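> So the protein lines, in turn, are chains A and B. Residue numbers for the first sequence follow our numbering, beginning at 3 and rising by one. Residue numbers for the second sequence follow our numbering, beginning at 189 and rising by one.
In case anyone wonders, no lab produced these hints; they're calculated from the structure. Fair warning: there could be bad hints in the mix.
Stated by the list, open to error - Some chain B residues judged to face chain A by a derived CB distance under 8 Å, without partners named:
| no. | residue |
| --- | --- |
| 1 | E244 |
| 2 | H333 |
| 3 | G413 |
| 4 | P446 |
As the list claims (entries may be wrong) - Covered stretches of chain A (chain B as the covering partner; in silico rule of three or more C-beta atoms under 8 Å from a C-beta of chain B):
| no. | stretch |
| --- | --- |
| 5 | 36-48 |
| 6 | 67-77 |
| 7 | 107-114 |
Predicted model, so just to flag it, every value in this text is computed and none were measured. Beta carbons are placed, not taken as given, at the ideal position from N, Cα and C, and that holds for glycine.
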Amino acid sequence: MRLISLALMAAYGLASPALAEMGAEAFDALTQGQTFYYGVDGAEAYGAEEYLDNRRVRWSFLDGECIEGSWYEDAGRICFVYENRPEPQCWVFAQQDGRLVARFDGETSTTDLYELRRSREPLWCLGPRIGV
Amino acid sequence: MCLFAFATSLPLVLTLLAALFGGLWGALAVGYVTVLVFWLDRLVARAAGNPDPEAEFPAADPLLVALGLGHFIVLGLALAGVAGATGLSPVERLLLGIAAGLVAGQIAHPVAHELIHRGARGKRRLGRLIYTSLLFGHHASAHLHVHHTHVATPADPSSARRGEGFYRYALRAWPGAFRAGLRAETRRHGGTGLRHPYALYLGGAAAMVAGAAALWGWQGLGALGFIAGYAQVQILLSDYVQHYGLSRAARDDGRYEPVGPAHSWNARQWYSSAMTLNASRHSDHHVTPQRPYPALQLRPDAMPVLPQSLPVMAVLALVPPAWRRVMDRRAARWRESSGEGTRDLAG
């Protein structure tokens with residue numbers, strides 16, 4: 003999961019229900035071999051992530067450009083490290099009504115990302131920087 | 189960019205000359221990093237401006253790589269010189285050791301720190317090798333995977349608690365960061381093995397020790413211990429100063445508020461900032477770790493600002509009672525404004 007400047011409307015002090023965080027095993031079992039499309043609830047997907055074996059991932063903003071990464075669990079959070087970005091980005095994942103919800107570390111529910119759909123199809127990736 | 193290049197490379201060159209020729213060069217190198225930087229910070233009035241945060245600095249990374257490679261040349265020559273293999277006098281050897289330790293702590297550390305944050309694998313590896321050459325490789329892992337994700341919470345061994353003196357902090361933070369970094373990397377790489385970064389840190393450190401002993405015997409070991417130990421104390425000091433007494437408020441869901449400008453200490457002094465590649469603009473580094481050092485922002489209205497430059501505050505931290513007298517009230521003010529104080533009252 004990758005965060006770019008989501009409009010951070012985080013209103014501090016707003017009650018933010020705690021998520022029943024998923025651990026590494028549950029997260030791996032749920033996601034491996036599939037591609038999850040994420041976005042704000044009710045809007046179009048803003049990005050998707052394909053979950054591979056050995057906790058490797060491939061993220062794309064759905065523009066044909068994909069980056070490789072991997073994840074690990076840290077204090078109830080799932081932290082992602084991508085090849086072009088060494089600082090881990092940690093999210094709390096939970097299941098709500100049968101779909102995955104992701105909350106960026108420290109944020110409130112106002113910035114939650116939801117699983118909009120999941121698929122067995124691999125992510126659509128062009129080769130490395132073709133024609134750009 | 190010219191200022192960064194000048195302020196960082198000059199002490200490296202002076203130390204190189206001190207290793208090659210001894211004489212006055214050692215005194216000049218030590219004097220530069222300490223006395224001259226202090227007076228340039230004080231006497232030359234220069235407003236701390238903010239660059240365009242989106243501007244590109246094409247020379248920023250080549251300078252890092254050049255300084256990173258230069259570090260190994262200077263370190264090698266300094267070890268030989270301090271070990272007495274090149275015929276320097278005892279005073280020259282002492283001055284060279286101090287100069288090399290200062291350069292490793294004040295320049296190689298910021299260079300390595302920038303490099304481990306870069307996207308390209310080769311640059312990250314160079315950063316890790318610099319820390320490894322100072323027998324402090326684990327810092328590269330602990331900084332990214334523990335310090336950045338847990339800063340200003342009890343889970344980060346490198347964030348100094350309020351009331352904690354530097355010596356107590358150093359004894360806690362050194363092994364704490366080593367272990368926490370090891371845990372994070374082991375989770376990441378699935379157990380042990382040669383792909384584990386700690387294999388590089390420990391193997392590299394062993395190679396440094398064995399090399400120094402083989403080349404120069406006990407004198408070589410002493411030289412390595414002095415330079416690396418001095419550098420490590422400075423790295424610990426900068427971590428201590430940069431987050432002392434600041435904490436992120438815990439929220440009802442058991443998590444902490446996001447990392448913000450209020451969770452690091454900053455300094456305005458222009459010359460020591462240039463020499464340490466804007467290490468003094470630490471809040472912005474934690475909020476936007478991807479931002480290259482020339483573009484880091486300083487906003488004294490929204491960020492905790494130290495009363496003196498980073499090097500001066502680091503010296504002050506060596507005297508814990510004096511440090512607490514200067515810093516505890518300031519830290520308390522920031523805790524209150526960031527919401528932590530109200531929680532204290534409620535609790």
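> Hint by hint, say whether it matches the structure.
Evaluation of the provided hints:
Of the supplied interface hints, the one on E244 of chain B is violated, with its beta-carbon coming no nearer than about 16 Å to a beta-carbon of chain A, more than 8 Å. Interface hint status for H333 of chain B: upheld, as the beta-carbon distance to the closest one in chain A is roughly 6 Å, under 8 Å. At its closest, the beta carbon of G413 of chain B sits 30 Å from a beta carbon of chain A; the interface hint therefore is violated under the 8 Å criterion. With its C-beta approaching chain A no nearer than about 4 Å, P446 of chain B sits inside the 8 Å limit, and its interface hint holds.
Coverage of a stretch by a chain is defined here by at least three residues with a beta carbon nearer than 8 Å to that chain's beta carbons; for the stretch 36-48 of chain A and chain B the count is 0, and the condition is violated. Interface restraint, the stretch 67-77 of chain A with chain B: holds (5 residues with C-beta to C-beta distance below 8 Å; minimum three). Coverage of the stretch 107-114 of chain A by chain B holds. Counting CB-CB distances below 8 Å, 3 residues qualify, and the rule asks for three or more.
Checked against the numbered hints given earlier, the structure breaks hints 1, 3 and 5 and satisfies all the rest.
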